Amino acid sequence: MRAQLLHEILPAAVPDGTPLLEIHDIHLSFAGVKAIDGVSLTVRRGEVFAVIGPNGAGKTSIFNCISGVYRPQRGSLSFEGHDLLGMRPDRVADLGVARTFQNIELFPQLTVLDNLMLGRHQHLRYGTPAAMVRIGKAAREEARNRAVVEGIVEFLDIQQHRKSFVAMLPYGIQKRVELGRALAMAPRLLLLDEPTSGMNLEETEDMARFITDIRRELGIGILLVDHDMHLVMDLADTVLAIDFGRPIAVGKPREIQSNQDVIRAYLGQEHAVADPGGSA
Amino acid sequence: MRLRPGLVADYRSDVAIFRSNVQRFWFAVLLVAVVLLGLGGTLPLIPGLVDFSLTGDLLLIAVSAVFASIGAIGLNIVTGFAGQVSLGHAFFLGLGAFTGAVLGGSEVTRQVVDLSTGQFVEKTLVVGYQLDLSIWLPAAGLVAALAGLIVAPVAFRLRGLYLAFVTLGLVFIGDHLFREASILTGGVGVGRPTGVPSLFGFRFDQDGEFFGIFLEKEQKLFFLGLVLLIVLGFVAKNLARSRVGRALAAIRDRDIAAEMMGIPLARYKMIAFVVSSFYAGVAGALLYSAIGHLEPGTFNLLLSIEFIAMVLIGGVSTVSGSIMGAVFITFLPKMVKWLAGITVFGLDPFFFISDSPAGGFVNLPQMELILFGGLIVVFLILEPLGLYGIWIRIRNYWKAWPFSY
Chain P
0 MRAQLLHEIL PAAVPDGTPL LEIHDIHLSF AGVKAIDGVS LTVRRGEVFA VIGPNGAGKT
60 SIFNCISGVY RPQRGSLSFE GHDLLGMRPD RVADLGVART FQNIELFPQL TVLDNLMLGR
120 HQHLRYGTPA AMVRIGKAAR EEARNRAVVE GIVEFLDIQQ HRKSFVAMLP YGIQKRVELG
180 RALAMAPRLL LLDEPTSGMN LEETEDMARF ITDIRRELGI GILLVDHDMH LVMDLADTVL
240 AIDFGRPIAV GKPREIQSNQ DVIRAYLGQE HAVADPGGSA
Chain R
0 MRLRPGLVAD YRSDVAIFRS NVQRFWFAVL LVAVVLLGLG GTLPLIPGLV DFSLTGDLLL
60 IAVSAVFASI GAIGLNIVTG FAGQVSLGHA FFLGLGAFTG AVLGGSEVTR QVVDLSTGQF
120 VEKTLVVGYQ LDLSIWLPAA GLVAALAGLI VAPVAFRLRG LYLAFVTLGL VFIGDHLFRE
180 ASILTGGVGV GRPTGVPSLF GFRFDQDGEF FGIFLEKEQK LFFLGLVLLI VLGFVAKNLA
240 RSRVGRALAA IRDRDIAAEM MGIPLARYKM IAFVVSSFYA GVAGALLYSA IGHLEPGTFN
300 LLLSIEFIAM VLIGGVSTVS GSIMGAVFIT FLPKMVKWLA GITVFGLDPF FFISDSPAGG
360 FVNLPQMELI LFGGLIVVFL ILEPLGLYGI WIRIRNYWKA WPFSY
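Protein chains in written order, with numbering that gives the first Met the number 0: chain P, 0 to 279; chain R, 0 to 404.
FYI, nobody ran anything at the bench for these hints, they're computed from the structure. Don't take each hint at face value.
Pairs of lysine-lysine, DSS-like flavour, derived with a Cα cap of 27 Å [what the hints assert, rightly or not]:
1. K136/P - K398/R
2. K336/R - K236/R
3. K336/R - K216/R
4. K162/P - K136/P
5. K236/R - K162/P
6. K162/P - K398/R
Since we're looking at a predicted model, the values are computed, not measured.
All chains should be built: construct the whole structure from the sequences, respecting the hints.
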């Protein structure tokens with residue numbers, strides 16, 4: 000089953016380090032509030048790229064710009080050469096961008112299996128008429144994709160929750176199911192918005208292992224936002240620190256850890272921020 | 000490989016509609032019981048079953064209940080599965096009804112004096128083409144579905160209360176159109192004949208023999224409805240467990256997250272409206288065929304609310320719940336009448352319900368409306384899963400019996 004998971008999810012063979020997501024100098028403001036003010040970043044294949052910053056720094060806004068929920072007023076976003084600016088969220092998902100949410104956005108009235116099968120939506124190739132009679136192709140496609148989903152169930156070790164309604168599950172498991180739903184989409188870029196928020200130590204450890212495994216076995220690009228600095232420093236290859244929508248520093252985890260501006264930003268002291276559109 | 004009986008060994012049977020032979024058996028029992036109900040006293044072989052049958056006005060109500068079930072499933076697709084509250088169901092029912100009537104019904108003409116010549120001439124009051132059931136029934140569904148397609152874009156931008164209000168407007172627009180287009184609908188207070196349910200020469204609206212069994216016209220219509228209900232019921236059930244059904248449920252639960260999972264909202268809301276309207280059109284075209292007469296004033300807000308009540312009381316986003324709700328609501332007037340006439344030890348516990356329209360504390364139609372509203376409130380608060388939820392609890396109780404868990 001695991002083999003099937005890899006077979007289905009493994010992206011086309013491109014070497015690690017190929018740029019997947021390229022964001023250049025995006026600006027987003029809501030009326031007078033500047034949520035994002037000149038952020039640029041590049042996520043490469045096989046890389047974990049972390050965005051950190053204090054509350055309200057604009058981390059989730061960056062995610063929403065990528066997903067197509069918000070449209071930045073200035074700047075450019077592209078994924079594998081496709082311009083994401085102004086693209087509808089479902090089209091962005093079709094391109095191979097999956098995400099999880101800060102506050103769990105699972106479908107509470109569906110079972111774990113149905114939530115994961117929903118992630119397979121774009122891979123289930125049959126139309127509405129076939130769905131109504133459910134013979135031949137529709138039944139075959141459902142069974143084939145169910146096998147893929149079972150691979151994810153096994154990977155995330157949630158076998159006993161398969162048929163549970165998501166609303167009944169504990170928080171940590173729900174977070175795991177949400178990761179599974181994103182994986183089911185067979186993405187080439189995974190956006191993880193605070194995957195360990197509200198989790199205890201053990202659950203955080205599990206999540207860290209899943210992220211490491213995904214990166215090692217699938218080699219996809221991961222864009223990560225989290226407040227757990229230990230996790231970020233352990234997992235990330237590159238870290239971007241932002242505050243008030245502006246980039247403060249970008250670099251290897253160790254460099255960021257010792258950057259005085261980042262420390263000041265977290266402690267709420269005066270600090271330097273890069274010019275909008277600066278070299279972030 | 001045959002393992003333990005009832006053990007699920009492949010993905011296909013894990014999501015089957017009937018997951019065990021026990022379920023298949025009980026569905027067959029239910030089906031036989033319903034067929035016997037419909038056959039009633041006309042089945043001479045089993046004399047003991049005569050008491051068990053539906054006759055007279057009960058049979059007539061049963062015919063309406065079966066057709067209403069189809070309409071209720073339709074409403075449940077858009078409101079239950081996809082979560083788009085629609086008060087406009089009466090509009091789609093009406094469109095189906097009048098499409099069926101125009102294509103399948105008979106013409107109404109009247110002799111009038113031509114003032115210029117002084118001669119009597121035929122004047123067409125209501126058009127009717129008297130086509131076959133196999134044409135006008137699908138056409139009724141398709142016309143309603145087309146209307147659903149046109150209305151759907153409104154639902155792309157609205158949801159919740161706002162969508163409810165827009166669909167409410169649809170009922171008033173429909174009501175106005177039906178009243179004004181008297182060449183098609185006969186006009187207010189007059190009405191027109193419904194589509195003639197005649198399939199390749201076989202008349203469902205006339206008493207007659209069918210394979211040697213004498214059936215009244217209500218019985219024939221009952222079985223026509225039953226066959227359609229089974230087919231459309233299974234189609235709805237298939238839809239619910241497919242990628243389309245999951246997408247609709249996702250839109251109902253969290254539409255923005257659904258969009259980020261790759262589900263185009265506009266497309267799926269459109270599918271929900273189109274399929275739902277098709278069901279409504281088919282149901283509307285047949286709903287009044289037992290009476291044979293159709294009146295434009297019927298398709299008002301009250302009818303929409305009646306269908307909402309069927310869905311809420313029966314069970315939101317379940318096919319069997321829609322049927323239970325439709326049967327319950329259609330039989331409600333009869334039940335109220337029965338309650339009003341009941342006597343216990345010579346006393347009349349429901350003395351306040353009066354048989355006559357004028358007398359008593361409340362009359363029958365008023366009592367129906369009170370029960371209607373009351374039941375919706377009671378079910379929403381106490382049993383949001385409706386009759387379906389009650390049935391699931393009974394079933395689970397007997398599954399574990401005699402143990403508590």
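### Message
Tell me the numbers of any earlier hints that the structure contravenes, in ascending order.
### Response
The structure conflicts with hints 1 and 2, although it agrees with all the remaining ones.
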